[in-house]
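Going line by line, the protein sequences match chains W and R. Taking my numbering, the leading residue of the first sequence gets 23, the next gets one more, and so forth. Taking my numbering, the leading residue of the second sequence gets 382, the next gets one more, and so forth.
Some hints here could point you the wrong way.
Unchecked claim - List time: in silico DMTMM-like cross-link candidates among lysine to aspartate or glutamate, alpha-carbon distance up to 25 Å:
1. W/K25 <-> R/E440
2. R/K422 <-> W/D104
3. W/K119 <-> R/E433
4. R/K422 <-> W/E77
5. W/K119 <-> R/E444
6. W/K119 <-> R/D408
7. W/K74 <-> R/E433
8. W/K25 <-> R/E433
These aren't lab readings, by the way, just hints derived from the structure by calculation.
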Amino acid sequence: DAKTTQPPSMDCAEGRAANLPCNHSTISGNEYVYWYRQIHSQGPQYIIHGLKNNETNEMASLIITEDRKSSTLILPHATLRDTAVYYCIVRVAQGGKLIFGQGTELSVKP
Amino acid sequence: GAVVSQHPSWVICKSGTSVKIECRSLDFQATTMFWYRQFPKQSLMLMATSNEGSKATYEQGVEKDKFLINHASLTLSTLTVTSAHPEDSSFYICSARDSGAKAYNEQFFGPGTRLTVL
Chain W
23 DAKTTQPPSM DCAEGRAANL PCNHSTISGN EYVYWYRQIH SQGPQYIIHG LKNNETNEMA
83 SLIITEDRKS STLILPHATL RDTAVYYCIV RVAQGGKLIF GQGTELSVKP
Chain R
382 GAVVSQHPSW VICKSGTSVK IECRSLDFQA TTMFWYRQFP KQSLMLMATS NEGSKATYEQ
442 GVEKDKFLIN HASLTLSTLT VTSAHPEDSS FYICSARDSG AKAYNEQFFG PGTRLTVL
């Protein structure tokens, strides 16, 4: 599975959009981009995934560049409860293991 | 969404004792479960893949005789930390793959078990 690179930490003001970048320049054609987050001392929570098209659900939006070498997770209106470590993972859709990198620690501030 | 539970949520034990952690998929069947370990301020590290009815597959560097995994049913996997020592103190997290769900987001995580070895 391809590796990912994320900034170690980011701050965001409550109510503003949080844009979390991820670099995955070695991604293969059959690998998806997944985003999970982990609130302190809890298990990871699935957020969203995508292959090459932009995706949106009730939690977030995922923007994937045309060359698929990077992506951005967007939390449109961040709240204090969105404070967590966000992990960007690339893996094949079926059978692939979720290998976690260091993630980005997002702090949403009042 | 699908629910995965872990028991116990936390445990404190003496050095040299063995500790069993259970991981259950509550509303779906899971032929495959995964065990992770997480030290403070670090990311999750995959320890092993547990397959129902067969032997677990361990990641490189993980001692299979130290961390015994049993996946006897489609809803239960157990991790036993044998002869635990203080360096085994960690946050242990399991995840379960929903055998019947869509492939893309089929892996669900438990809430974790905090192990402290004195």
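Each hint tested on the structure:
1. W/K25 <-> R/E440: Holds, because 17 Å separates the two Cα atoms, which is no more than 25 Å.
2. R/K422 <-> W/D104: Cα-Cα ~18 Å, so holds.
3. W/K119 <-> R/E433: Since the Cα atoms of W/K119 and R/E433 sit roughly 16 Å apart, the hinted pair holds (cutoff 25 Å).
4. R/K422 <-> W/E77: 30 Å, violated
5. W/K119 <-> R/E444: 19 Å, holds
6. W/K119 <-> R/D408: 22 Å, holds
7. W/K74 <-> R/E433: 33 Å, violated
8. W/K25 <-> R/E433: Answer violated: W/K25 to R/E433 is near 29 Å, above 25 Å.
Checked against the numbered hints listed earlier, the structure breaks hints 4, 7, 8; every other hint is satisfied.
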